[in-house]
Amino acid sequence: MDSTDKTTKLGTRMMPYVAILQHDIRALWASRLVQLWLTATVVLTLVLSLANWSKFQDAPMIASLLFPYLVFPWFFVVVVLGVTPVSGSRAEALADGILSRPVSRSGYLIAVWFARVMLVWSIYLVVIIPFIALVTLAKRPVPEDTVTIYGIVTALFLVGLVLTFLVSLGFLMGTLLRKPLLAVVVLIFVWYPISLILSVFSLEEFSPISLAQAVPTQLRQPWRQVEGEPKLKIDQEDLKAFSSLSNFFSVLSPTKPQPKPAKPDFFESEEFVNFSLLRVTLGYGIPTILTIILATLSFYLRDL
Amino acid sequence: MTELAIRTEHLTKIYSQRLIAVNDMNLEVPKGSVFGLLGPNGAGKTTTLRLLLGLQRPTAGRAEVFGKLCGPNAVNVRSQIGYLPTNPRLPGNLRPIEYLDLLGKLSRLPYQVRKPRISALLRAVGLLSATEQRIQTFSTGMCTRLGLAASLVADPPLLLWDEPTAGLDPTARRFTLDLIRELGKTKTVVVATHILGDIDQICDHLGVMHEGRMIFTGSMQDMKKRLRREGFSLELEGDTDSIRRLAQEVNNLEGIDAHLGAGQTLIVRIDNERGRSGALAEVLKLIDASNLSLQAIHSGQNATENAYLQLLQEEEAHGFHR
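In the order they appear, the protein sequences are chains A and B. Counting from 1, one number per residue, gives the positions in the first sequence under our numbering. Counting from 1, one number per residue, gives the positions in the second sequence under our numbering.
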């Protein structure tokens, strides 16, 4: 069998799933939620850039632009996008239309999940990349910073990974709980105190707040650490910037600015050595995969 | 042995440990038949179809389509089925061609097959003039017609149509029934409905469901045989006295009973022992000899309905033995 035949066979096999993916992305782009989110993201990123233009160095400035994706308010939109395709009236329409055709449930679920992940990543990157370019290339009245390309790529990847996890979590809840509103409420109650839950298990580095704090340091990471060079420490200026950013968002979110604890926080203590890109990647990657597997299983066992 | 399109064994569906939708159902649908799944609302017809499609999982028992087991991931089963739900919910943002094209892709139809088939189907269901419109602007009838086309995109050998004439005007209803009759020549068609008139016109086999149970399966002839032999209803033109006189003369014939019906009709009942054609010939002779003129003869007009009602009554009378 030649390679053309194999490609054709694979194309035919994948045709339904590619069709679902295309259809879903098109439907999502046409939805009010996505259009509003895109507009609001642009506006908020612009406001944050202008507000901190002459205050923050490059790293805390980029971290401030990523903060809304990690903590508040965009996690809410991402969760809603994850919940909707398999719950409520949509599930019924789906049964009438797509799932009564020769399409497997698991295949459908993965195609729709992928469509949402692609959409979330595209909105996030389409908005954030131009602003990062602007921040790093423009001459601003702040001291020079040592942000690296590697740092930017990994920081963007980390935030994307968290967003992917949130979409997957929404998917799981959407399959477990049939009512979309209930699923969203449950997720808010799970996600808000996540830092507290993680700290119980000494896994603070995985909390979105900790990741937001780690982003400026990660942005300055070089591709390779030169032997004998001192490891990067958490910058006190970054912490101040983070604190002011938290206060800014506390107006929007129910989280109150925390009083300074007697014991130093995870990122305020000593050297910045506990943060590992690999650990965080695995820490979010493995639960994402598990969530998808559980959602698929739950969807398979469910009546439509 | 008859080849089967559908076979269920002790198929049972209980919702949330509370509602029995399908109760220990054993069903056999012969390949190539037009099978009517008849029952009142809530009898379990739609649940049965959804179990066959794998949209729902049986609580107990099994269902097979062309010998393949049904289930949520049974892609090979669904590739053999064209499904039309009751009042299909369609994606309003799409246009008919886009929708059918999506369904064609879901059935893995190559471009060269998909495009001509979509055109042919849109023409067949009379939606060629509506191809520019979005589905959300469609009337109920148009949605049903698009649903019919959607179920035929993959040209499957088995069609499961749930209430295909629901919400249709008389012309669209006639079109749908004609289409079923036409498709029945080459495919197995299962039509779930509570409209007896439809079943009577198009089906050659029948299953009657009541409260989740299959209380009768067999051919339409078997169904009608179950009924006490009905007679004829004769529409006559003439004065009432002449019709009354005719009724007396008919009553004098052996094994025939006649009485006046509503308007100028004479209802004639024939005993089981008598041949229907012979009895009718004798009655017609009497009409010919009278000063009445015959306008119409209705034979067993409500036979299916009567048989169906009789079945339901018997089923309810069985009580615990059900």
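Worth flagging that the hints you see were computed from the coordinates, not collected in a lab. Treat the hints loosely; a few may be bogus.
To be verified - With a cut-off of at most 25 Å between alpha-carbon atoms, the simulated DSS-like pairs for lysine-lysine come out as follows:
{"no.": "1", "chain 1": "B", "residue 1": "K68", "chain 2": "B", "residue 2": "K224"}
{"no.": "2", "chain 1": "B", "residue 1": "K31", "chain 2": "A", "residue 2": "K9"}
{"no.": "3", "chain 1": "A", "residue 1": "K9", "chain 2": "B", "residue 2": "K115"}
{"no.": "4", "chain 1": "B", "residue 1": "K185", "chain 2": "B", "residue 2": "K31"}
{"no.": "5", "chain 1": "B", "residue 1": "K68", "chain 2": "B", "residue 2": "K185"}
What the hints assert, rightly or not - Calculated Cβ distances over 12 Å to all of chain B for the following chain A residues:
{"no.": "6", "residue": "G97"}
{"no.": "7", "residue": "F114"}
{"no.": "8", "residue": "L301"}
Computed from a predicted model, the values in this text were never measured in an experiment. Ideal Cβ placement from N, Cα and C applies to all residues, glycine included.
Going down the list of hints, with the structure as the test:
About 32 Å separates the Cα atoms of K68/B and K224/B, which puts this hinted pair outside 25 Å; it is violated. Distance check on the hinted pair: K31/B and K9/A sit about 31 Å apart at the alpha-carbon level, beyond 25 Å; violated. Taken as a hint, the K9/A and K115/B pair is honoured in the structure, with Cα atoms around 20 Å apart against an allowance of 25 Å. For the suggested pair K185/B and K31/B, the alpha carbons sit about 11 Å apart, so the restraint of at most 25 Å is met.
At most 25 Å may separate the alpha-carbon atoms for a hinted pair to count; K68/B and K185/B meet this at roughly 23 Å. Non-interface call for G97/A relative to chain B: violated, since the shortest CB-CB distance, roughly 7 Å, does not exceed 12 Å. The claim that F114/A is not at the interface with chain B holds, since no C-beta of that chain comes within 12 Å of its own (minimum 16 Å). Not every CB of chain B lies more than 12 Å from the CB of L301/A, the least distance being 7 Å, so the non-interface label is violated.
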